[in-house]
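**Student:** Going down the list, the protein sequences come from chains H, Z, V and W.
No gaps in the numbering here: position 177 of the first sequence is 177 in the numbering used here, and each next residue is one more.
No gaps in the numbering here: position 130 of the second sequence is 130 in the numbering used here, and each next residue is one more.
No gaps in the numbering here: position 127 of the third sequence is 127 in the numbering used here, and each next residue is one more.
No gaps in the numbering here: position 40 of the fourth sequence is 40 in the numbering used here, and each next residue is one more.
You can take every hint at face value.
Intra- or inter-copy, both count: the list cannot distinguish identical chains.
Pairs of lysine to any residue residues, derived as SDA-like cross-links and limited to a Cα-Cα distance of at most 20 angstroms, are as follows:
1) 128 with 226
2) 77 with 14
3) 219 with 190
The hints are simulated quantities; they were obtained by calculation from the structure and are not laboratory data.
Here the structure is a predicted model, which means the values were calculated and not measured.
4 protein chains.
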Amino acid sequence: MENVIVRYTSRPRLANPVLIEGLPGVGNVGKLAVDHFIKETGAEKLAEIYSKHFPPQVLVGDDGVIRQVNNELYYLKKPCIIMLSGDHQGLTSEGQYDLSDVVLNIAEKFGVKRIFTLGGYGIGKISKRHRVLGAATNHRLVKEMEGYGVVFPKGEPGSGIIGASGLLLGMGMLRGINGVCLMGETSGYFVDPGAAKSMLEILTAILGIKIDLSQLDKKAKSIERISAEMRSLEKQELKRKKEDLGYIG
Amino acid sequence: MENVIVRYTSRPRLANPVLIEGLPGVGNVGKLAVDHFIKETGAEKLAEIYSKHFPPQVLVGDDGVIRQVNNELYYLKKPCIIMLSGDHQGLTSEGQYDLSDVVLNIAEKFGVKRIFTLGGYGIGKISKRHRVLGAATNHRLVKEMEGYGVVFPKGEPGSGIIGASGLLLGMGMLRGINGVCLMGETSGYFVDPGAAKSMLEILTAILGIKIDLSQLDKKAKSIERISAEMRSLEKQELKRKKEDLGYIG
Amino acid sequence: MENVIVRYTSRPRLANPVLIEGLPGVGNVGKLAVDHFIKETGAEKLAEIYSKHFPPQVLVGDDGVIRQVNNELYYLKKPCIIMLSGDHQGLTSEGQYDLSDVVLNIAEKFGVKRIFTLGGYGIGKISKRHRVLGAATNHRLVKEMEGYGVVFPKGEPGSGIIGASGLLLGMGMLRGINGVCLMGETSGYFVDPGAAKSMLEILTAILGIKIDLSQLDKKAKSIERISAEMRSLEKQELKRKKEDLGYIG
Amino acid sequence: MENVIVRYTSRPRLANPVLIEGLPGVGNVGKLAVDHFIKETGAEKLAEIYSKHFPPQVLVGDDGVIRQVNNELYYLKKPCIIMLSGDHQGLTSEGQYDLSDVVLNIAEKFGVKRIFTLGGYGIGKISKRHRVLGAATNHRLVKEMEGYGVVFPKGEPGSGIIGASGLLLGMGMLRGINGVCLMGETSGYFVDPGAAKSMLEILTAILGIKIDLSQLDKKAKSIERISAEMRSLEKQELKRKKEDLGYIG
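Chain H on its own, in the form it takes in the complex (with noise of 0.2 angstroms):
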């Protein structure tokens, strides 16, 4: 079979729309924002992207009814918009040029301008700031985007930008498409939806739409919940062990 498989959905006519990637990767802060955005948009879809680039898995959902793993495009036309989110990235280095090859491809068939993909800058601590990073395909984007906030610290991300997120900008350098990748700031230990909010905000801004942020606040508030809780049943039990040894003495 082809690597990649496309399967168009709907067939619109779109003028020169903006592709924001959002797939699963550090904190999963690009998927949360970028289906947060489809949800709340009311996206249509465009195409389905199957691949033996993906694992080879069904998922199954509540009612029984399964699905094939993929990659899904969403579009809207005001202001126009496609949209990339998914189960997975490609599972190896060929199959994530290959993927972003033929994504690529789309983009340049409807005319794609600019490109936005969303990751997680994995800071390996927790943090109350959610910065938002950035890194661009020229030096008039990277003064365009610090104007909405984005920061570029000299040496971050020092390893660079991996997975689609780097390629999408990258390869898309050479067919002469630009484009901007937003980190937002996280621990990488659990999903963030608070990383998405603050990265959702300033992709709405350079956008000039608004969308409602709430759930993701409450999904955040969840999350930040869960990992308080966490942390004071650790200090209980470190609090516990240091009794338990006074005994000894």
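Given the coordinates of chain H, work out where chains Z, V and W should sit on it, guided by the hints.
**Tutor:** Same frame as chain H, now just chains Z, V and W:
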């Protein structure tokens, strides 16, 4: 060489057969079931499938004669059924997709109208009951299967279905072929003819045929005896250890 | 580049040759045997096989001159034999299949009528005897080989035959070429010229030729001396340890 | 997408150039040498090589601008030289072969008459001397290189040469292109500008040009100072530990 080679050993006319898959997996439940089904129904060989996605290996029979590892298709005319069995599943994700694609090509060619994939559902502990869980390509089939005693518990299997039992259904859906995955509950520690028997009781009822299941019963009893002996040995060992420790006091 | 590249170094006419394969494997028995066979018979080079399925590596001779890792075919006109030797087997399953496929294409081109694949059969302990086990593509060949002292013990090798020695026969069968795998019993711990010698004694009898095996004998004695020294050192070490423990009491 | 994509950035006429390769490897010796060579000679960019055999990654500059990982070719007209540098080697064996094949296609197109591949030779211990070892495609070249101080010690490197430095020569030989691998002796523990310098001293003599090596010298001194400090710290730590143990007695 081609990734997958199909060698037909006969060219029957088949009228909208059902496809039943049972390849190696958890507890070998699917393979035990389909191999027993092939033997008891006297099904004839339809084709051999060779592939570079299988291990580079030949098997040696007790008579010293070798056989290239493969998958095999069998058929029955009344009721009209194609069966898929084999030594291995594809070793890689890409191999899994390629092999499922070839089987679905054959299924389409013979006008297959429904697919049953058979697998094991490992629960990680020994249990006497052998529930048969299901997952289907649509709601109607879920309802229909519930009528035969197949259960669809919410959240099970949580990780979806991996391998041929998932892919044949998920990728089959894209071709408009519907189907059901039947999963025989098993510990996942041994091959489990008991789970295979429970599954065949339901499958034969669905297909409206009767086959002798006594051989599976016999195998199941033999496995049960062995595992009972192992548990008894473990208990004695534990008791002995406790007595040994008694000497210290 | 192509997966496999064949470069012919001569274009002899060969009348239904026998193909003998001896690539690296357990105890290097097959490679030792076929390399010795090539040297003693003065066989000429037929072709070099290069492939991306081999490691990306060149070897450096004592004179500082490099050589790309490859497989090589040699030929003999009387008796008419093609020999396959080499530095490596294919690194992946797909590589193994691709390489066997190319060798079988060459075999068919020259009208090969029978294949002998040579390998080691590792038993995991040091043994003085060097049984030569067999596996063949049909019953008639099993009987014929038994006449030459090849043994076909029930259940050995239990896991089948992996790699080129298996695939050339298994995939050869699909082209109507018959053959035998000869496996020299070996510990699997060292290269084993003794096992190679036992195998060549039988193989040359089958082929109806005589070759000088004294060099293999010499190598085998040298390996034997080294392993005897190692066992003696281990014994002394064990004795010394027991005496050391004696001081405690 | 294609496995390897070449994008020419200029189309010079080159008269039988020499090809010099220096990709990442042991001690980064080859890459340090060729990158320094490119910088000091003011070579111009010839082409960019992108490939799915590289990691799916973009690098982010201090200015926030991204760049897709790649390999790059540079050229010099007098003396006529093509240089190959890059961020990565191919990740898999197949990738290594594919990439070398593409580079050799380019080499043939420009009439490359000789290849120098530059690498590190890790000896696993820190050494002051920086021998430059060689391996060549024929005896005449071995002799010629010995005249420039390249050494060809028997049995070194015992495991051959792995990666682009080996393949470009080994696969180049099959196209009738000769060449030499120069290996700068290094510990293998750090990047080693000293080894790169020693190698460039010999390489520039061979090519009959002079370049300023003072920057490599400076980098080497800086690395030396750091490693001396580390050794001194380790010594103090060791002394401290011995004194601590003294308290026990």
